[in-house]
Amino acid sequence: MLQVNDLQAGIEGTEILKGLDLVVNPGEVHAIMGPNGSGKSTFAQVLAGHPGYEVSGGTVTFDGQDLLEMEADERARAGVFLAFQYPVAIRGITNAYFLQSAINAARKDKGLEELDTLDFAELLEKKLEDIGWDDSLIHRAVNDGFSGGEKKRNEILQLAMLEPKLAILDETDSGLDIDAVKDVAAAVERFRSPQRSFIVVTHYERILNYFTPDFVHVLAGGKIVMSGDMKLALELEEKGYDWITEAAAV
Amino acid sequence: MSESAIDQHVGQPYKYGWSTDIESELAPIGLNEDTIRLISEKKSEPAWMLEWRLKAYRKWLRMTEPDWANVTYDPIDYQAIHYYAAPKQQKTLESLDEVDPKLLETFEKLGIPLGEQKRLAGVAVDAVFDSVSVATTFKEELKKYGVIFLPISEAIQEHPDLVRKYIGSVVPATDNFFAALNSAVFTDGSFVYVPKGVKCPLELSTYFRINALSTGQFERTLIIADDDSHVSYMEGCSAPMRDENQLHAAVVELVAHENAQIKYSTIQNWYPGDEEGKGGIYNFVTKRGRCMGNNSKISWTQVETGSAITWKYPSCILEGDNSIGEFYSVAVTNNRQQADTGTKMIHIGENTRSTIISKGISAGVSQNTYRGQVKIMKGAQNARNYSQCDSMLVGDQCGAHTFPYIDVRNPSAIMEHEATTSKVGEDQIFYCKQRGIPEEDAVSLIVNGFCKEVFRELPMEFAVEATRLLAVSLEGSVG
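Protein chains in written order, with our numbering: chain A, 56 to 305; chain B, 546 to 1024.
One should not assume that every hint holds.
One-sided and incomplete, this derived list gives chain B residues near chain A with beta-carbon spacing under 8 Å [stated by the list, open to error]:
hint, residue
1, ALA592
2, GLN979
3, ARG980
4, ASN993
5, LYS997
Please keep in mind that the hints were generated in silico from the structure rather than gathered at the bench. Here a beta-carbon is modelled for each residue, glycine too, at the ideal position from N, C-alpha and C.
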């Protein structure tokens, strides 16, 4: 599904990713861990197509398409979803309207008829019922005045509605709030499916107490320096990152 | 990426820039007492009206153009303008069938169908083309309710007492340079009188179109809401794309008697000039409402997207006790447009309240200024004002300015003022795009959200138009 080869990217002339390789197959859950500043967030942003980052080398293929050639919105409509670490607020636009716009943009792309407000409301209601959440966030402006936990839940709601093929969860700092961590972990478990893959970017192994990834990678110095499974995460919990970064001499 | 994208996108073509090929009857170029006599004669005005005009003109000659606004432009040559332009047509029209089809076509193309079959449901329209009103719909229907909705030129003839009583009673003929000029040479505009106790059953609307070359448009609108009456009035406007700057100096006067309510909505979409700032309308307008009666209310809502320069401060004089003044504004400037707009709320009566919500959006290399005055007079016991002025910057070459003037002479007043400035951030756009929303739609979404508090004040017919217009004005101005 996703193939990353020798990806090099940076911001404002500083190279951060220095040859990153990763293969994600359908249905797999990958955790990417690493010390602060190792490039985890950059990797998530580059995959999503943030215009602030420059890609200087390597390739990224998603479902056979050259992802790097696509605009951020094209990537999203192709099925790449990024749950933001710090989602921004949009005043005056309700979550419902925002989600409807997003869903209709995707439908338009696929040549499907756009959903009117009623059809959309029905879909949304069903989804909320599935997750077991009320509609308290729906009629508020997008992330406007939301608490950290509300923002996180809102990201997950969007994930649920947009049903991406690849969900990238940028949780670099969220280990600070244990409830948010639990919400994210629960979302991974709930929306895991043979057709959907996840990349969970995190600094804290604590999140892995709540779900089990198929693969754990350690990112250091802009490269994946070690890959393994859950055992690796446990080892990291015990020993920290230094032994890996030292061994890899980065 | 963002810089080049801004450059690349700025300069969305103006949709209403075409002109109608129609023969005009023009007053000789330039302004003198003969010009004014000619206009007055063309309109078959009574002697007092001509006298009033001449008095304003003589005063205007001694006045100087204001220079305090935060706008710059080359001096206007007032002798290079035609002060009267009318499409040639037969005298006195009995019905719409006699209106030149070209004119009907013009308005239809602007989305203002005037024909019996296609009229906008629930909206009575007065269509003004250059210096004359070409048609007023639903005139007869409104008459049944006692509502007078006429071109002001006709009202001067048919209801001289009403016009004479109120004209200049809110904006005196010599109030300011542009108001004096308007008083001297005004050609058409709308007149509305809503009698006691009547809630006007239709939205009233005027559409102004400048067409002829080298002309100015000087319309004058007068709305009177008698005791316990309600009226909602909307105005729209557009002009062809011309290389020259054209002057539009209007005066609008509103009078609200006891318990009366007037809601005045504007969508201003005059030609803004091209990307280099060539051409465009100078929109120098004096709009003022007088809440004369107790418990009266005047509400201004404006969406200003057009004009090369906008100089406009729709104001409320709150004389009656418990009277309410409101000002909701969205002003958008792009390319080289300049806007200096805001309001004045003058509190005179007791328990008077005013609300100001202003949203300024600047893009391109434009300058957008909010200028507002809130004045609480000595006798205005327990007056309240709430002001909120938000500016949004699109790109990094434009300017947003806020000049609030507050003058409180009664210690019981409660004043609140909030102001914010924000940027349509790359992060906001990226967030929308990451959800699959294309960039253009993302900008429109963000800006519409910003303006929501104002848009919800617009009548339904206008709200849709405003949302669409905003998207067009700013289309692609962000990267």
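Status of each hint after checking the structure:
no. : hint   : verdict
1   : ALA592 : 54 Å, violated
2   : GLN979 : 5 Å, holds
3   : ARG980 : 4 Å, holds
4   : ASN993 : 7 Å, holds
5   : LYS997 : 4 Å, holds
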